[in-house]
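**Q** With the hints as a guide, bring both chains together as one complex.
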Amino acid sequence: MNRTARNGFAGIVLAALLMACGGATEEGEVRDNTQEVLDYYAAHPDLFQFKTLADLPADLVWERGEGLPDLGSPDAKKGGTQYGSIQDFPRTLRYVGPDSNGAFRTWILDDVTLPLALKHPDTDYDFYPALASEWAIDDENGIVYARLDPAARWSDGEAITVDDFMFMFFFNRSEYIVAPWYNNYYNITFSNITKYDDHTLSVTMNTKKPDFAYQALDLRPEPQHFYKELGDDFVERYQWKFVPTTGPYVIRDEDLIPGRSVTLTRLQDWWAKDKKYFANRYNVDRIVLNVIRDANNVFESFKRGDIDQFGLNLAEHWYEKLPDTDPDVANGYIHKSVFYNQRPRPNYGLWMNTSRPMLDDQNVRLGIQYASNWDLVIESFFRGDYSRMHTANDGFGSFSHPTIRARPFDIDKALEHFALAGFTTRGPDGILVNEQGQRLAFTITTGYTTMADILTILREEAAKAGLEFRIEVLDQTAGWQKVQEKQHDIGFVALGVGTEMYARFWDYYHSDNAYDDAFLEDGSVNPDRKIKVQTNNMEALASYELDQMIDQFVASNDVDEMRELSHRMQEFVYEYASFVPGFVQDFYRIGHWRWVKYPEFFNHKSPSLATELHVHWIDEQLKQETLAARRAGQTFEPQIRVYDQYRLQ
Amino acid sequence: MLRLNPQTIKKLKRFRQIKRGYYSFLILMVMLGLFVVGELLINNRALVVKYEGEWYFPTYSAFHPGTDFGLPYTYETNYRELKQRFAEENSGNWVLLPLVPYSPNENHSTTGIFRPEAPSAQYQHYLGTDSTSRDILARLFYGTRTALFFAMAFTLATYVIGIAIGAAMGYFGGLFDLLFQRVIEIWSNVPFLYMVIIIFSVIPATFSIFTRISILLTVMVLFSWTSMTYYMRTETYKQKVRDYVASARLIGSSNTRIIFKHILPNVLATLVTFMPFTVIAAVTAITALDFLGFGLPPPTPSLGELLKQGTANLRTAPWIVTSAFGTLVVLLTLVTFIGEAIRESFDPKKFTVYK
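Same order as they appear, the protein sequences are chains A and C. Residue 249 in our numbering sits at position 249 of the first sequence, with consecutive numbering throughout. Counting the second sequence from 1 gives a position; our numbering is that position plus 649.
Next up, chain C with everything else stripped away, as it sits in the complex (with noise of 0.2 Å):
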């Protein structure tokens, strides 16, 4: 198994510590938790039904037509009108529904016109609907859900690229440090926001939005993993002269080993530092681009998309833009507590005296 030494306990147990940076993880990770299971708690798909004796769970299989359940239609079942009408039956067949049964995409009105309606527990619209009768918190649920996702991937995938290719650059110097640096130069100085327009106006609209999501993240991490480079060039430049890493060559340390066992700890309160800051730039770039119309697909919900509905409503509903934009600023305050945590409890300076 996993087998920490007993510096890095020491960092976690410190982290714990910080109180702040700490309930702000448990936090994420019961929000990240949950969304896992989004399907169960925001769906206008029922989560259990009994239907003449037969038990159903249609939340994550195929559709079922309402004539599976006695209704006179072919197409997918209105789960909250079958448990109106199992209710008045009476017959021992009922229905058990999320929490919130609607779906964010379904045009759900109250009073049979689209428009923005007020948060209402009786209607099960907690944060009201959007200018065309669709749940707000579904849309808000399943778009931070994107947002947040996305976010991780992107973090993960500059990372990654940042790291090798900055370590290696600071590492072995010379020419290959010269030439990789001019790449960057130029590369870095290509507008990211215009190739995504660019891009995005090319790609057909038949890919899935999985695809297309996956695109965005790569055009973005395309553009975005040169930054990091400089960071871990610098500090592994610092490392590589430390007596430590001649000792470690001495005793016949691959590259490899040298790089990511011996340098890459000693760098890692830098790297930990901007690890917020990347989380919330991404997210940030999904919504604006969603604000300007060039993320994802209409009807697909999204932070931006709902911001955008907000401000153009803002006498009118105001709910809209209280609920897309509170929930952007606890994500990023969220994220930033963490980060602030990480980086004091990761802080090599705690553990280290120089002589």
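Same shape as in the complex, but just chain A (with noise of 0.2 Å):
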């Protein structure tokens, strides 16, 4: 909220200043960056390089991304309008630049162009063709060769060409677009981009991760033909045009209805529309997205009918405002699902900072492992429906350790750790002291407000077990603050995870991140070093055997050997039991009007929203069908769906 607050008002001086500045330019003037653009390439040799066919080299192995499971459904009928919200109007139809990475962004950018390839959503890093028709991985050198299709197409009919990729390295890397973190990443992940000819280019990593491939292949042009006035006003310039899209939704000018309404519309001669991977997705002719500010009215308008699908993950929602007997759905008019996903989440837990007294006793932490009752929060706060995370790092498929599962709650092993680490007898109030008379007492610090009912449960339990808990409720920013400058003792916070192949142990686990020379050149602890703030390592858990094998993760290219690393890492971590592991929302759920369709096996693995592929359609005839009997009191079987194909045990 505040950055958003902040963003805007970063927009509003620097579009104030550009209007300042725009009295020095000559008004209607037709700029043409084509020149400007070669005269870049030439002065990045490394960077843009120009070959031939004959350049290529022969021996490689062309993948077309044949044989994997379709997406979609064969039964989807394309057209129909589909009614939806959002929170607040677009700020920008710009997918970089200030004000441009909002919630909006998914309708014109992430969901809905194309890569090169796209990861699969149903296995393990294996790539189906978008805009390339097939690559070749070198993954020795860490290149990604692909051949464009050659009927691929802006929205605007001009054809997609490697100039559009070469270009969209000079867009990316120009200042112009005010997007530092754009800036960035394309300056130091790739070292080279080749032309071979207007369809064949390889693009080249500069680190050969083993998924480094994703990153190549998940690269989306630019339309060099549309950003022909690319200058120092591209943020005013580019605010409300509509970027050329590879996807296959437009937005018309006559459909941006300032402060009400954005439309999308589908192209009826999309490029790709009878290509195996697409075929049956996108399917809806109509996107209508109303303004709807408050959450309350955007549920009260889907009860109406007015919005088709709403987002029903909260309990309150769920079970209390569309209970399974709410008439609409008893009468088989809203259809409730449930679907279960398998990606990285967001890991939720209690993460003990050992650098502070006492819990820089392993005793200590193994008794809070196990009086923390995240099985209670789980099965009465959370209504049983979340699951219990096991380590930092679920969800990495092979790379997530197979058998470790976190402790239990169980009082008897929490009071014979904390014993064990001198806390024996209990005080007037039933919490435990030791013979110093130091109460066995942490504070949790949490920025999340929404939670401090799952802390005040949490304490409610520890007490049984002669542990206190002090809760500290901030605000989100002062929250994360404290627990970045290494000030709790306990922190409740959660860092966003993305579908990456495996997790990130060095931002976490490494000392570089707990300590400013954490060990001295023999391996012992140096007596001087001092706590690194500002760091992810919120554990501040420094260890030398566990840093060579960070180390040497982070150096390593095998798959296998990373794989039995990061399992090596997660017992060390597991042991140290410096995280209690909190709760996974291992599903999301949905209410949808009878006349949203979605295939049989209702979604793909990995999503985390029903509507992120576009496999359901709109049944326009149900539409109307379902209304009159609504009317005329014609009821339906109800239908309440739970779709568990990825649930783990």
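Keep in mind that the hints were calculated from the coordinates and are not lab data. Since we're looking at a predicted model, the values are computed, not measured. Using N, Cα and C, we set each Cβ at its ideal position, and we do this for glycine too. There may be inaccurate statements among the hints.
What the hints assert, rightly or not - With beta-carbon atoms standing in for the labels, derived distance ranges: (1) 682(C) <-> 435(A): 41 to 47 Å; (2) 937(C) <-> 451(A): 55 to 61 Å; (3) 772(C) <-> 78(A): 51 to 57 Å; (4) 625(A) <-> 772(C): 57 to 63 Å.
Stated by the list, open to error - One-sided excerpt, in silico: chain A residues whose CB lies under 7 Å from chain C: (5) 293; (6) 318; (7) 323; (8) 383; (9) 428; (10) 430; (11) 453; (12) 457; (13) 460; (14) 468; (15) 471.
**A** Given below as structure tokens:
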């Protein structure tokens, strides 16, 4: 919220500055940056290279992503209008630069545009073709070769060529777009792009981790012909211009009603509409997104039928506001569905700062593990819907540890470990004290005001094991800041985890991120070491042994070795016991009106939203029928479905 | 003993005659009495346990682990379960529980799921439970207790400071008055709410609840005594030039005696008028701070926290907001009635005739 506000302010200031500067340039001037771009290519000969097809290595193994499971359902019907809502009118139609990284961006970039190839949502790191019809991976040198589909077209009809990929580097590295993250990413990740002909290119990576191909194949081109006028006024000039897209949906000027709604229209002659992996997706003709600011009003609109689908992840919505007994559900007008998915998830849990007194004792940490009743939280607060997290690195497929299980709530074991740490007698309030009279009490800091209830439950339960949790609920920024400054005893936070191939260990566990010069040359602890702040090593975990494994992991390019190291590191962290794994939401659930149809299997393995892959369709005829039936009081079989084909036990 | 002068007795009699205020006062006193012995009424600790011929009174004592009563655990005894157990065993052991056998912090769900439950006499959740199945009556009771005692301490402190400084300013006048006026002007321009928020964000959570409340009280008093001084100052200025003050000075009374013995009783009416407003302001302030999340740390019960929960579950659990809002209305109404009655009965114009 704060950041949005600040960005908004920055945007206003910037716009004002640009307007002030506007007087200096001549109005109506036709700009053409073709020469500027060519000069840029020439100035960076290492990055941009031009070769001929003859230079292409002969021994490349070309892949076409064949034989992967189909996406979507063959029953899908094209057509219809989908009604949805957005909380805020988008601040811009650009997808880079100030204000562009909002929730609306998924509609114009993430879920709809095409990169070279896409990761298949049902398998581990297999790709299916998108803009590239085939590609070849050179593991040894970290190079990805690709041949563009000659049929590929921008939504304005221009052909998509390798030039658009070359231009993508120019665009994303330029200062014009006011996007430091992109500038940096394109600077450090890739070392070369080579054009062989209009439809053949190669991209070289700076590092060749096992998932390097994913980063290269995920590149999305920028339309060079559209950005001819790219300059210092990018932010303002392109603010409300719809960028030609490689995907199926466009926004027409007349469909942009400021402050009210945005409508996406499907391209009837989209170039990829008959391709194997796209034929049964992107079925809806029109997607109308109305601005509804208040969450309660969104729900009311959905109940009225003005909106087709509504996310019911919260227990409050699923059980209280739209229970199975609700007339619309019981009469079969609204269907409720739960879909279990598999993907890395935010690692909610208790992060103990091991540089704190008492918490540096492994027995105290083990006691805390056994004294934290997450099972009760999951059972009673989340009504058994969520699952226990087992390690901080769950959800990374074979890189996650197959057998480690989080320690259960066990008062006897907790007391046993606390006793080993010297806490043997209970004080007058039932909290353990040691011989020096120290109370076994720690502060849990959090920035999640909505989750304070969870901590009060943990507190009541921990008291049974003679442990006191003091709860400190700060606002989001302050809570995060306190943990980043390593001022916490125990932090209740979670870091977002992307769908990457393997977990990041260096960030969380390397001593580089715990202390300045944690160890001396010989591996012994440096007595003068100082806590390092503003890192993600929230446990101040510093182990010479673990460091070796992390370094080896970072340096390794071998999948098997990395997997084995990943398991060993997770075992180490488990023994060290400084993180109490909390819970994961391993599903999403929605309510949708009867006329919204999903494939029989509902959705694919990794999406976190039902609409992410656009496999659903709208049956207009069914809509008329349902609305008429509802008016006439005619009922249907209620549909409350659980899709647990991807549920892990 | 306390020797009241006839005039004061007259005033008190008059106060008794104003029924609305008088009964409000009685009700509030009964409430205060109940609050003082609250642990005996609403608590998850038993009042009396008779076990194997021995008597236990756990309410105010150190905790009794389950092992004290033959239970297999070392943490605090669950007396509700103990009562049931003794009843089943029928061995002459018994437990006497308070009227409402729940503590404000414990999650007690009748279904195993923590959700708001409607009021139920069967489970002795007379006002229902909140979103994590804690007893609302218990939370309301202890939350109101904190708010009320806080408000009283706050009123007392602001009055002592405000009266002393205000009267001194009015009585001495001159440079002292001038200087303090400026100090107050500057001081009262510091935004109070921000100060509370800032100070509370740096107080370590390790401080006990009582310390935190004391700090909150100190901060609020520090920023609230100023308004009182203005009224005291003008009133004192007015009284200072009256004949009775001159006479007192002539017969050699000290400044302190003149201010507190002669001037103060004459300006009491003004002060008393403001008293209910001060109490209300304090209750509202602590409630608002809790509502905004800057008050006492969870799980401390408070009116503001209940109001917040209530507004979030308006449709699905209306009993939360009803209880909290109802309590607030009753409390503030009582205080207002009392204030009105005091003002009317202490008004000096009823007894003084100027010639």
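**Q** Confirm or reject each hint.
**A** Cross-check of the supplied hints:
Taking 41 to 47 Å as the suggested C-beta distance range, the pair residue 682(C) and residue 435(A) conforms, at roughly 43 Å. Distance hint check for residue 937(C) and residue 451(A): the Cβ-Cβ separation is about 23 Å, which falls outside the suggested range of 55 to 61 Å. Between residue 772(C) and residue 78(A) the beta carbons are some 56 Å apart, a value that agrees with the proposed interval 51 to 57 Å. Residue 625(A) and residue 772(C) have their C-beta atoms about 47 Å apart, which leaves the hinted 57 to 63 Å range violated.
A least Cβ separation of about 17 Å between residue 293(A) and chain C goes past the 7 Å threshold, and the interface hint is therefore violated. At its closest, the beta carbon of residue 318(A) sits 12 Å from a beta carbon of chain C; the interface hint therefore is violated under the 7 Å criterion. With 7 Å as the threshold, the beta carbon of residue 323(A) stays out of range of chain C, its nearest partner Cβ sitting at about 10 Å, so the hint is violated. Given the 7 Å rule on beta carbons, the hint for residue 383(A) holds: about 5 Å separates it from the nearest Cβ of chain C.
Because the beta carbon of residue 428(A) sits about 4 Å from the nearest beta carbon in chain C, less than 7 Å, this interface hint is met. A distance limit of 7 Å between C-beta atoms decides the matter here; for residue 430(A) the minimum to chain C is near 4 Å, and the interface restraint holds. The closest approach between the C-beta of residue 453(A) and any C-beta of chain C is roughly 5 Å, which is under the 7 Å cut-off, so the hint is satisfied. Because the closest C-beta pair between residue 457(A) and chain C is about 6 Å apart, less than 7 Å, the hint holds.
Given the 7 Å rule on beta carbons, the hint for residue 460(A) holds: about 6 Å separates it from the nearest Cβ of chain C. The interface hint given for residue 468(A) is broken, as the beta carbon of that residue sits about 11 Å from the closest beta carbon of chain C, more than 7 Å. This hint holds: residue 471(A) has a C-beta 5 Å from the nearest C-beta of chain C, less than the 7 Å allowed.
When each numbered hint is compared with the structure, violations occur for hints 2, 4, 5, 6, 7, 14.
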